[in-house]
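Asks: One letter stands for each residue in the lines below.
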Amino acid sequence: NAGVTQTPKFQVLKTGQSMTLQCAQDMNHEYMSWYRQDPGMGLRLIHYSVGAGITDQGEVPNGYNVSRSTTEDFPLRLLSAAPSQTSVYFCASSFRDSPLHFGNGTRLTVT
Amino acid sequence: EDQVTQSPEALRLQEGESSSLNCSYTVSGLRGLFWYRQDPGKGPEFLFTLYSAGEEKEKERLKATLTKKESFLHITAPKPEDSATYLCAVRSSTLGRLYFGRGTQLTVWP
Chain A
652 NAGVTQTPKF
662 QVLKTGQSMT
672 LQCAQDMNHE
682 YMSWYRQDPG
692 MGLRLIHYSV
702 GAGITDQGEV
712 PNGYNVSRST
722 TEDFPLRLLS
732 AAPSQTSVYF
742 CASSFRDSPL
752 HFGNGTRLTV
762 T
Chain S
137 EDQVTQSPEA
147 LRLQEGESSS
157 LNCSYTVSGL
167 RGLFWYRQDP
177 GKGPEFLFTL
187 YSAGEEKEKE
197 RLKATLTKKE
207 SFLHITAPKP
217 EDSATYLCAV
227 RSSTLGRLYF
237 GRGTQLTVWP
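So the protein sequences, as listed, match chains A and S.
To convert, note that position 30 of the first sequence is 681 in my numbering; the numbers rise steadily by one, no gaps.
To convert, note that position 26 of the second sequence is 162 in my numbering; the numbers rise steadily by one, no gaps.
To be clear, the hints were calculated from the coordinates, so they are not data collected in a lab.
Note that the Cβ used here is the ideal one computed from N, Cα and C, for glycine as well.
Hints may contain errors.
As the list claims (entries may be wrong) - Taking beta-carbon pairs under 10 Å as the criterion, some of the chain S residues facing chain A (in silico): (1) E217; (2) S219; (3) R233.
As the list claims (entries may be wrong) - Pairs of lysine-lysine residues, derived as BS3-like cross-links and limited to a Cα-Cα distance of at most 30 Å, are as follows: (4) K205/S <-> K215/S; (5) K215/S <-> K195/S; (6) K660/A <-> K178/S; (7) K665/A <-> K195/S; (8) K193/S <-> K204/S; (9) K193/S <-> K205/S.
As the list claims (entries may be wrong) - Label-pair restraints from in silico Cβ distances: (10) Q668/A <-> E192/S: 45 to 53 Å; (11) E196/S <-> E681/A: 45 to 53 Å; (12) E192/S <-> T762/A: 45 to 53 Å; (13) V701/A <-> G177/S: 28 to 36 Å; (14) Q150/S <-> S669/A: 48 to 56 Å; (15) G654/A <-> E194/S: 34 to 42 Å.
With the rest of the complex left out, here is chain A:
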């Protein structure tokens, strides 16, 4: 089992560019989520999904879009990158109310 796989591991964008962060899990988890981690801020929830076709906003959703067409995949789209979106992004999955399994993150820099 690969667990939760995130790609790319590193990315540099210019302000205004768009991109998609990929996340895939092979554990048949119905719950998937995206967090960002910033120094001194802890992990903050961006968007989450409780199953294919169902998504909802977390604490800091502005500037990000998600979709969930399959159980396995949960991509995060940055619509128009801003320097404030420089962060480390983690995807996580779980069965309902079970501990989250995290990927190893995507380190994004927006210049």
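With chain A's structure known, arrange chain S on it following the hints.
Replies: Below, chain S alone, put in the same frame as chain A:
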């Protein structure tokens, strides 16, 4: 407002020097408290889940305990390989969301 606070922010211990990390929380209906370990450049790795006051869990040199308002992660005779950031998270009954603390960065020196 649901909130999770961890202390201290950073802790330096000599190898073998036992100590405790604290996680205090205020949530509307606790549906689980989780401890994670995070190594540099990696995603958080699950350690323990606690559900009710009085519950305890152990794994090697780590022991997690839970009261109605806080949790402790006790580290007994730590080794340098225990150096990491330890994260606490609580699941609230409000939408089932998980709220994370900012973490405690533990350094154990030989």
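Asks: A separate judgement is required for each hint: does it hold in the structure or not?
Replies: Do the hints match the structure? See the list:
With a cut of 10 Å, the hint placing E217/S at the interface with chain A is violated, because the nearest CB-to-CB distance is about 19 Å. Interface hint at S219/S: violated, since its Cβ lies 18 Å from the closest Cβ of chain A, which is beyond the 10 Å cut-off. Interface restraint check: R233/S against chain A, minimum CB-CB distance 7 Å, threshold 10 Å, status holds. For a cut-off of 30 Å, the pair hint linking K205/S to K215/S stands: about 29 Å separates their Cα positions.
A distance of roughly 14 Å separates the Cα atoms of K215/S and K195/S; the hinted pair therefore holds under the 30 Å criterion. With a C-alpha separation of about 11 Å, the suggested pairing of K660/A with K178/S holds against the 30 Å cut-off. Annotation: proposed proximity of K665/A to K195/S is violated, straight-line Cα distance about 45 Å (limit 30 Å). The suggested pairing of K193/S with K204/S holds, with an alpha-carbon distance near 16 Å, which does not exceed 30 Å.
Distance restraint check for K193/S and K205/S: the Cα-Cα separation of roughly 17 Å lies within the 30 Å cut-off, and the hinted pair is therefore satisfied. In this structure the supplied range 45 to 53 Å holds for Q668/A paired with E192/S, their Cβ-Cβ distance being about 49 Å. At about 31 Å, the beta-carbon gap between E196/S and E681/A misses the expected band of 45 to 53 Å. In this structure the hint that E192/S and T762/A lie 45 to 53 Å apart at CB holds, the actual value being about 48 Å.
Here the CB-CB span from V701/A to G177/S is close to 30 Å, well matched to the stated 28 to 36 Å. Q150/S and S669/A have their C-beta atoms about 49 Å apart, which keeps the hinted 48 to 56 Å range intact. With their beta carbons about 25 Å apart, G654/A and E194/S fall outside the hinted range of 34 to 42 Å.
Of the numbered hints listed earlier, those contradicted by the structure are 1, 2, 7, 11 and 15.
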